[in-house]
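Residue numbers (UniProt numbering), protein chains in the order written: chain G, 1 to 509; chain R, 1 to 316.
It is possible that part of the hints are untrue.
Claimed, not checked - Below are the BS3-like pairs computed for lysine-lysine, each with C-alpha atoms no more than 27 Å apart in a straight line: (1) G:Lys45 / R:Lys179; (2) R:Lys219 / G:Lys235; (3) R:Lys179 / G:Lys269; (4) G:Lys487 / R:Lys179.
Claimed, not checked - Over 12 Å on every C-beta distance to chain G, these chain R residues come out as not near it, computed from the model: (5) Ala43; (6) Asp76; (7) Ser128; (8) Arg209.
Honestly, the hints are just simulated from the structure, not real lab data. For every residue, glycine included, the Cβ atom is placed at its ideal position computed from N, Cα and C.
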Amino acid sequence: MKSTRFVAALGAALTAALVAACSAGSSTNPNPSASGGGAAPGSDKLTVGLVAEPVSLDFTTNDGAAIPQALLYNVYETLVKLDQNGDIKPALATSWKVSSDRKTYTFDLTDKAKFTNGQPFTAKDAVFSIDRVKKDWTTSLKSAMDVVADAKAVSDTQLQVTLKQPSNSWLYKMTTRIGAMMAPDGIADLATKPVGTGPYEFGTWNRGDSISLKANPNYWGPKPHFGEVVLKYFKDATALNNALLTGTINVIGTVQAPESLKQFEGNSKYQVIEGTTNGEVVLSFNNVKAPMNNLKVRQAVRYAINHKALMDTCWAGYGTLIGSMVPPTDPWYEDLTGLYPYDLAKAKQLVQETGVANTTLRLRIPTLPYAVSCGQVVKSDLEQAGFKVALDQLEFPAAWLTTVFKNADYDMSIVAHVEPRDLGAVFGNPQYYTRYDNKQVQQDLAKADTGTPQEQITYMKAAAKTLSEDAAADFLFLLPNLIVADKGITGLPKNAISESFDLSQLGRS
Amino acid sequence: MLLRILRRTGILLASLVASTVLVFAFMAVLPGDPARVALGVNASDEAVGQLRREFGLDRPLAAQYLSWIGGLARFDLGTSYISHAPIGPQIADRLMVTLWLVVTAMVIALVVAVPLGTVMAMRHRRPSGVLLSALSQVGVAVPAFLAGILLITVFAIGLGWLPANGWTPPDQDPVMFVKQLTLPALSLGIVQAAVLTRYVRSAILDVMREDYIRTARAKGLTPTQALRRHGMRNASIPVITVLGLQLATLLIGAVVVERVFVIPGLGSLLLDAVSNRDLIVVQDVVMVLVLAVLVVNFVVDLLYLVIDPRLQVSSR
């Protein structure tokens with residue numbers, strides 16, 4: 001009798017808890033189709049698994065690659081965009097002319113594009129977007145717009161931008177997020193409701209889980225094949241693989257554990273796509289602090305590392321060996337891997353000569369997959385040459401940013417610099433964490449930016465070679481772009497060389 | 001009795017205030033700067049400084065603390081540094097997801113543990129009881145995330161019966177919801193069941209040795225009848241204590257299991273906020289967890305009074 005009362009009470013408590021959880025659980029997802037709007041052109045749906053979820057959808061105030069990865073070229077369009085070969089191609093601007101002093105750019109704009117809030121896209125919106133980068137953006141990327149003296153709308157379809165001095169990098173940067181075209185009436189809620197002219201419109205965001213993009217029924221260009229594309233975020237590489245294996249997702253957008261590719265490669269249900277990226281995995285040096293301020297020590301490090309074996313061990317052999325801070329998709333790429341071939345004897349001799357064996361070098365790496373797996377290999381390579389190395393893992397981003405990046409309290413670190421054309425950012429500014437101060441490199445970079453496109457190539461090549469010879473860092477390898485997808489899905493962006501995970505070409509064969 | 005309830009409430013409130021201080025202090029010593037994380041690798045020092053002022057991070061720690069708990073006292077959880085969205089609704093959404101997981105796991109644990117523990121106790125000298133006992137020992141040793149990985153490997157990848165991960169709200173697709181909830185709830189629930197089984201077993205063994213059971217047996221009741229009529233209620237007291245503790249373990253275990261199963265619950269919100277140094281969110285989530293644990297303990301204490309009338313007398 002008495003025991004029944006207890007069981008009944010317990011049962012009641014559990015039921016109450018379940019009911020509470022149930023009724024409140026319905027608030028987790030407000031109406032999922034609320035912002036869908038209009039008739040979807042296709043009912044086919046695709047789910048893409050990615051690793052880093054955006055913290056906000058507003059890239060004007062938040063850095064972080066995840067926001068443009070999801071939105072750029074998909075929701076927001078730019079005047080010019082980067083294609084899969086790294087070439088600048090027309091987008092909202094159908095063509096453009098550069099004046100002979102190379103300071104004035106005249107863009108002819110399409111008159112067909114419309115923002116998803118219904119307003120047509122005109123040159124006035126372009127002027128607004130460009131001015132807004134200078135005025136209201138808070139991320140550091142906005143500095144790329146500093147070179148603009150004036151932007152004005154000649155007509156609804158013609159835009160004229162005047163630069164303070166000629167700049168090759170400006171047009172290139174217009175293919176990135178700072179070139180995103182926004183509507184004056186569409187920026188009220190950038191963090192949760194982006195409004196653009198792109199092939200997709202923003203659908204819903206289930207925080208901590210996924211972002212859904214719906215095909216834009218009024219898109220001015222070729223309509224996307226898929227009516228809905230869901231970007232689903234996974235913290236864990238294994239969970240991402242499992243999701244594809246069990247059919248929860250159709251595509252792994254970026255494989256984080258290349259050694260796991262074997263389970264897909266032999267399977268006829270899947271296709272594995274290997275392309276390239278802008279992500280140079282750099283073994284960076286603190287160039288102003290002893291002992292790394294000594295050229296011979298830096299050279300010893302570069303000779304001591306067996307790059308091919310390292311890439312095989314820590315990234316399953318996927319990737320490209322590079323000898324400097326330039327990926328093969330940049331026009332000024334040249335193969336510099338021969339400058340410092342693996343030479344253990346030479347490394348040992350330089351270690352002896354400099355007496356660096358008496359100092360413990362602090363290799364402080366971020367807790368990121370490639371850094372963790374390569375850190376151990378770098379340490380053992382260096383120890384074979386006679387170096388003493390202490391390996392620290394610093395939590396990324398917070399702890400690594402403060403210790404290594406801001407305070408430069410390190411001797412060596414390993415980090416993939418994934419921004420496109422970032423040689424100047426990483427080695428052209430003595431305040432940057434590499435603390436690399438080389439007047440020759442700085443002059444070459446300046447000349448490259450203001451010169452003709454041909455001069456740009458010449459001077460960029462020179463800068464890349466100088467900093468490699470000077471062993472400003474060691475360049476471990478270039479990250480591959482690895483995609484696994486269900487067979488039959490076409491138009492996946494093979495190379496990850498723009499800021500966008502470009503969904504505009506997706507289809508099904 | 002009333003005094004006891006008042007005293008418990010006092011302890012609850014004091015613990016809450018003490019934990020706000022602890023949580024805030026931990027966040028203050030955590031290395032890393034929220035403003036720099038938000039602005040990323042290319043940010044200038046000026047921009048970082050300006051954002052720190054916007055976040056209010058340039059104020060003295062005491063002022064930051066007071067404005068935070070001042071907000072809490074008014075049920076205002078503040079605004080996220082990173083997403084600029086109010087934190088309250090975010091936590092509410094995520095908490096519901098975690099509650100589904102934790103409550104289902106708890107039900108699984110109870111449904112498995114109570115009968116199994118009873119059987120083990122009644123047969124504790126027989127081979128079947130020993131075997132069950134050994135099995136539960138193995139269960140105790142397995143962490144929930146490992147159980148999760150094993151379950152995924154067998155039931156999702158191997159057999160393809162259930163999805164490997166993901167989350168669908170019940171009102172969107174109830175069938176998918178149940179499918180996706182099954183494996184994570186099992187991995188939490190089975191491990192907890194193993195622990196709970198051992199407590200149920202020993203509680204019942206203790207009770208069976210009591211004089212009143214012997215008396216009941218002497219009146220002619222079978223062991224099962226004696227246990228049902230006289231033993232269960234007494235045995236439930238230690239079991240409820242453990243249940244309260246386990247609820248806390250489950251909430252913590254859910255943090256890890258949510259990561260393995262890619263579930264957007266409180267745990268994944270917490271881990272994301274820690275890595276983004278979204279300190280206010282971290283503080284708020286931890287306080288919600290602390291509150292949950294304290295309230296569970298409080299309720300367990302009150303339940304003793306309901307179950308065991310002797311406690312009502314002695315505390316008077």
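Structure-inconsistent hints, enumerated in ascending order: 2 and 5
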